[in-house]
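Residues per chain are reported as follows:
Number of protein chains: 2
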Amino acid sequence: MSESTLFCYVHPKIVPLNKASIPITDLALQRGYGLFDFLRVLEGVPLFLDKHLDRFFYSANELHMTPVESREEIRALIYELIKRNQASAAGIRLFLTGGDSPNGYLLGVPRLIILQQPLPELPKELITPGWTLVTYSYQRQLSHVKSIDYLMAVWLQPWLKEQGANEILYVDNGFIRENPRSNFFIVSADGKIVTPKDGVLHGVTRSNVLTIADRLGIEVEERDISLDELEFVSEAFISSSTKRVIPVRQIDSIQIGNGDPDYSVSRSIFEEFAVLEQEYIKSHQ
Amino acid sequence: MSESTLFCYVHPKIVPLNKASIPITDLALQRGYGLFDFLRVLEGVPLFLDKHLDRFFYSANELHMTPVESREEIRALIYELIKRNQASAAGIRLFLTGGDSPNGYLLGVPRLIILQQPLPELPKELITPGWTLVTYSYQRQLSHVKSIDYLMAVWLQPWLKEQGANEILYVDNGFIRENPRSNFFIVSADGKIVTPKDGVLHGVTRSNVLTIADRLGIEVEERDISLDELEFVSEAFISSSTKRVIPVRQIDSIQIGNGDPDYSVSRSIFEEFAVLEQEYIKSHQ
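From first to last, the protein sequence lines are chains X and H.
Per this note's numbering, the very first residue in the first sequence carries number -19; after that it's consecutive.
Per this note's numbering, the very first residue in the second sequence carries number -19; after that it's consecutive.
Note that these hints are calculated values from the structure, not bench results.
Computed from a predicted structure; not experimentally measured.
Glycine included, each C-beta is placed from N, C-alpha and C at the ideal position.
Any given hint could be a false lead.
[What the hints assert, rightly or not] Label-pair ranges, simulated between beta-carbon atoms:
id : chain 1 : residue 1 : chain 2 : residue 2 : range
1  : H       : D30       : X       : S168      : 57 to 63 angstroms
2  : H       : D170      : X       : T222      : 56 to 62 angstroms
3  : X       : P(-4)     : H       : V(-5)     : 17 to 23 angstroms
4  : X       : A56       : H       : P(-8)     : 35 to 41 angstroms
5  : X       : D178      : H       : D34       : 36 to 42 angstroms
6  : X       : E199      : H       : V89       : 46 to 52 angstroms
7  : X       : D208      : H       : D170      : 45 to 51 angstroms
8  : X       : S117      : H       : V89       : 29 to 35 angstroms
9  : X       : A56       : H       : V48       : 36 to 42 angstroms
Please model the entire structure based on the sequences and the hints provided.
So this is what it looks like as structure tokens:
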């Protein structure tokens, strides 16, 4: 799988990535209107595809868009791209844009785009030390939808670099929400896994983490987490399709737990995640 | 000027609109990252071009982007498009996108796009009766920047239709902000023009309205307007490059002034606006 020979799908056909384009009349450009999804391919299998397709169609419906392609057609296109790109490990991005707007404002016919790109595993030295987060006051709009709106996330990159932290943590009125591209969890002093429920994207990996917690017999609470609570938690971690589970060792000036990111709960979730993936791959090969 | 023969600019060249496209790797699609500007062409003259270019470069700077094209090159491109498209009355949209992102997240080299489209004058029967607005709780992100983020505006269109109103009015914590594509003004009981200063886009037409108020000797206040204040105002109107000045006769269930949108202050602003445009055209032909 090399960048130069990659194929992608831009409605209505599969094309080489270096020739893939959309008209400038598309509402994604004109008004930033579109939805996004991302999933990982491992050993040639698109992981948790049904969950991603569920969310894709949920987001589409919430954004008043009906894809031209059916669920089965999208599934087939993803498998076709994996085959053509000979990608055993990769990331797949799905987009559904507002389409060509007659007046640059009203919705056109939604345009499906599927893009596959190499996705190297995160190096261990990036994960093991645990991440540092900096809080930023922000509430994502239409937060239950995975839209293409990452204006704030991209805009904050120079600031994040200045702060010398690994990632941003959005906070709204003193309550923790999510990271720009991942969900946030704490392990409370009494050993429960807690993650925000409202005002956040319900990530597919978030849902997998909750499944794993259930398997491991760890109690889960989905509720608001105040910033004040952070001093008393024993662990914190973030989750996303790209990152799976990454421990967090510091948020602003607050050291999480005892400062050693080799957390027992986060680690057991991370290890069980690999098991869940392998189970999925075996049952879908 | 017909749609079929329109020319536009997509860095680095002028192309027919029906062949104008951007790569799917552009950050406008990938992350909704880009800026926008809109101006009107009348009698072949791009109106208040310097003010629009000022804002364009201000927005670019705020969004950490430096256009490849210089101010003078952008100006020349706009005049070239007006000439090629033989458009004496038109709308011009400028976009600067985040460009082709190496990883779908970090900024690439910004891509300039200039699009010209026919812009029919709003019919009198749409203006004369005055508009009805419905409030919606929302604060635009990076509100001082004219970004391509119109996610909420486009998303609310079906709701707006259900409400049977002409336009949405964004309100944040009881304070009026702006409309999705225009600025909002009231005329207070003691005859002052009041418009929000914070949390809104400082529109070019907004600035022209304030200039006109000054010419007409009307006192201006730039400050927050609470919803509670609406009951006591004598007039309300909105302004934008497309609409110039449109009187507002109702907001939610509140009738503005005496319910007759033939307001004396709004009308004098509207009439003076035509004078300002003609002055501009004469000094720029």
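Quick rundown of the hints versus the structure:
1. Our hint of 57 to 63 angstroms for H:D30 and X:S168 holds, since their Cβ atoms are close to 58 angstroms apart.
2. For the pair H:D170 and X:T222, the supplied restraint of 56 to 62 angstroms holds, since their beta-carbon distance comes to about 58 angstroms.
3. Roughly 21 angstroms separates the CB atoms of X:P(-4) and H:V(-5), a value that falls within the hinted 17 to 23 angstroms.
4. With their beta carbons about 38 angstroms apart, X:A56 and H:P(-8) fall inside the hinted range of 35 to 41 angstroms.
5. The given range of 36 to 42 angstroms is respected by X:D178 and H:D34, whose C-beta atoms sit roughly 41 angstroms from each other.
6. Roughly 50 angstroms separates the CB atoms of X:E199 and H:V89, a value that falls within the hinted 46 to 52 angstroms.
7. Distance hint for X:D208 and H:D170: a CB-CB separation of about 46 angstroms, consistent with the stated range 45 to 51 angstroms.
8. A C-beta distance of roughly 31 angstroms is found between X:S117 and H:V89, which places it inside the suggested range of 29 to 35 angstroms.
9. A hinted range of 36 to 42 angstroms for the beta carbons of X:A56 and H:V48 is consistent with their spacing of about 40 angstroms.
Consistency with the previously given hints is maintained throughout, with no hint failing.
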